[in-house]
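Now for the letters of each chain:
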Amino acid sequence: MKNSVVITVCLILIGFLAINTACTGSYAEDRAAIVDLQGRYLFALDFQDAEAYASTFAEDGIINWAGGEIIGRKAIYEFMSSGTYNPASNAEEGKWPAASRHFITNQVIKVEGNKAKALTYWFQATNNTADRRSMVLGLFGHYEDALAKIDNQWYFTKRTIYNEGLEGRHMAGQSNPAW
Amino acid sequence: MKNSVVITVCLILIGFLAINTACTGSYAEDRAAIVDLQGRYLFALDFQDAEAYASTFAEDGIINWAGGEIIGRKAIYEFMSSGTYNPASNAEEGKWPAASRHFITNQVIKVEGNKAKALTYWFQATNNTADRRSMVLGLFGHYEDALAKIDNQWYFTKRTIYNEGLEGRHMAGQSNPAW
Amino acid sequence: MKNSVVITVCLILIGFLAINTACTGSYAEDRAAIVDLQGRYLFALDFQDAEAYASTFAEDGIINWAGGEIIGRKAIYEFMSSGTYNPASNAEEGKWPAASRHFITNQVIKVEGNKAKALTYWFQATNNTADRRSMVLGLFGHYEDALAKIDNQWYFTKRTIYNEGLEGRHMAGQSNPAW
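Residue numbers (this note's numbering), protein chains in the order written: chain A, 1 to 179; chain B, 1 to 179; chain C, 1 to 179.
Do not rely on the hints blindly, as some may be mistaken.
Because identical chains share one entry, a pair is satisfied inside a single copy or across any pair of copies.
Only pairs whose alpha carbons sit at most 27 Å apart, straight line, appear in this in silico DSSO-like list of lysine-lysine [stated by the list, open to error]:
id	residue 1	residue 2
1	149	74
2	117	149
3	115	158
4	74	117
5	117	95
6	110	158
7	95	110
8	149	95
9	74	115
10	149	110
Rather than coming from a laboratory, the hints here were simulated on the basis of the structure.
Just chain A, same shape as in the assembly (with noise of 0.2 Å):
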């Protein structure tokens, strides 16, 4: 009697634990990390971190964007490297470097498992002007993100990055990339 009373509460409990995930595969965990990922990965953008660029990419990662595929860390790093994305502003006679920003916002991120989509919105701005006081606007759009967790870190396999201000890689007028 006892023993049944036992029993039965641990087949309740495992009926629970097959229902429920444990804490460490828990959404927030998830979105903690990539939202900390995708900080990471502007940081780098904006102040030229080729290194820590490369580094928010799986091995085998691929960046999307309006001038074509670039796969792979290694051809990721070399891409950052080169200068060709994100050019460093040059100073005016007598003033300091001006930068170039990259702001994201209202992610939307579904975890399945080891995978996870993302999507965020960006928008660019600088203060290269004669002034430097305030930012100016520039380009904006969203990222749509394929993510993997690797050796418990997540990293994006893909990032595909939509523009608003370019033909062809523009979402207006489509439908909701979201759910």
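Using the hints provided, position chains B and C relative to the given structure of chain A.
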């Protein structure tokens, strides 16, 4: 010996269950779900997806905005379908469609059981200009959200839209709505 | 029977003890609390709530900004009360008050036990114009925060405010402050 094995199994299972119960009821889990809900609301708004937009509200959810109050998921769906709230931009001849986007930041969120309150900054921008190349800023303000967790999912029960560009909907000069 | 009740109660208690080590020490929980703290800081700043503003700092917390260093929660409270840092906009005749707002994005946060480091982009905007209808962009930069968890709550121990619009407070052209 047999009994102690059963008890050990139970101990482990109860431990995992307790962690899991605490995690799904944790601030981080609730906040992550709420911030994701807010993101889905904005993708739905900007991409004019009335169904996804309405689905972020509870069955009897309310929008309180400059135009008045819309009550209930069904009425909210019809409101969004009508295009009153966020009309599509007319593309100029020979141009791709312009995008209207709402960006949110600065979330302050308090959770109490299955209820929550969220405060969030928003601003609106568009590239509805001749060259489509950069954002032009529009209105801004903040959201005050009441939320409820129903069947383990968060919904807006009331979203109040404050708007600094509209007299009577502004909050400037008033006291801090946060804590 | 009595024994099994006692054992069950014990197991549940042990389970709840396990949570406290597993969940409250999680990255997601700490990040959620820190990001919420940052949000409350900005509501307090923009709505000129000196008390709420000072309460985001540890007792001996420090603000390091263009005007120098303010040391201690009490001094921070007095600084904010004086209106030096974020003066109220004068409403033009016949107009409602203008709002000044600081928006934050791109948080990169590293937690080590009861200490944390956070990097965050910010930009400032206002509608202090004749028609009040849209935001005008102002200064921008990033925050570098040192934080501490005291009695299970996160506080700023030092917030350093970098500003791209002020020579000497800018970071453009320097190396990536993130990782």
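Now the hints, each set against the structure:
For the identical chains of this complex, residue 149 and residue 74 are intra-copy neighbours only, at 19 Å inside a copy versus 39 Å across copies, given an alpha-carbon limit of 27 Å. For a Cα distance limit of 27 Å, the shortest separation of residue 117 from residue 149 qualifies both inside one copy, at 12 Å, and across copies, at 24 Å. Only within a single protomer do residue 115 and residue 158 lie at most 27 Å apart by alpha-carbon distance; the minimum there is 11 Å, versus 33 Å between protomers. Proximity of residue 74 and residue 117 under a CA criterion of 27 Å is satisfied intra-copy only: 23 Å inside one chain copy versus 29 Å between copies.
When the C-alpha separation of residue 117 and residue 95 is checked against a cutoff of 27 Å, the pair qualifies neither within a copy, at 42 Å, nor between copies, at 31 Å. For the homomeric pair residue 110 and residue 158, the shortest alpha-carbon distances inside one copy (15 Å) and between copies (24 Å) are both at most 27 Å. In this homomeric assembly, residue 95 and residue 110 never come within 27 Å of each other (Cα to Cα): the closest approach is 44 Å inside a single copy and 33 Å across copies. When the C-alpha separation of residue 149 and residue 95 is checked against a cutoff of 27 Å, the pair qualifies neither within a copy, at 44 Å, nor between copies, at 40 Å.
With identical chains, the CA atoms of residue 74 and residue 115 are at most 27 Å apart within one copy only, with a shortest distance of 22 Å there and 34 Å across copies. For the identical chains of this complex, residue 149 and residue 110 are neighbours both inside a copy (13 Å) and across copies (18 Å), given an alpha-carbon limit of 27 Å.
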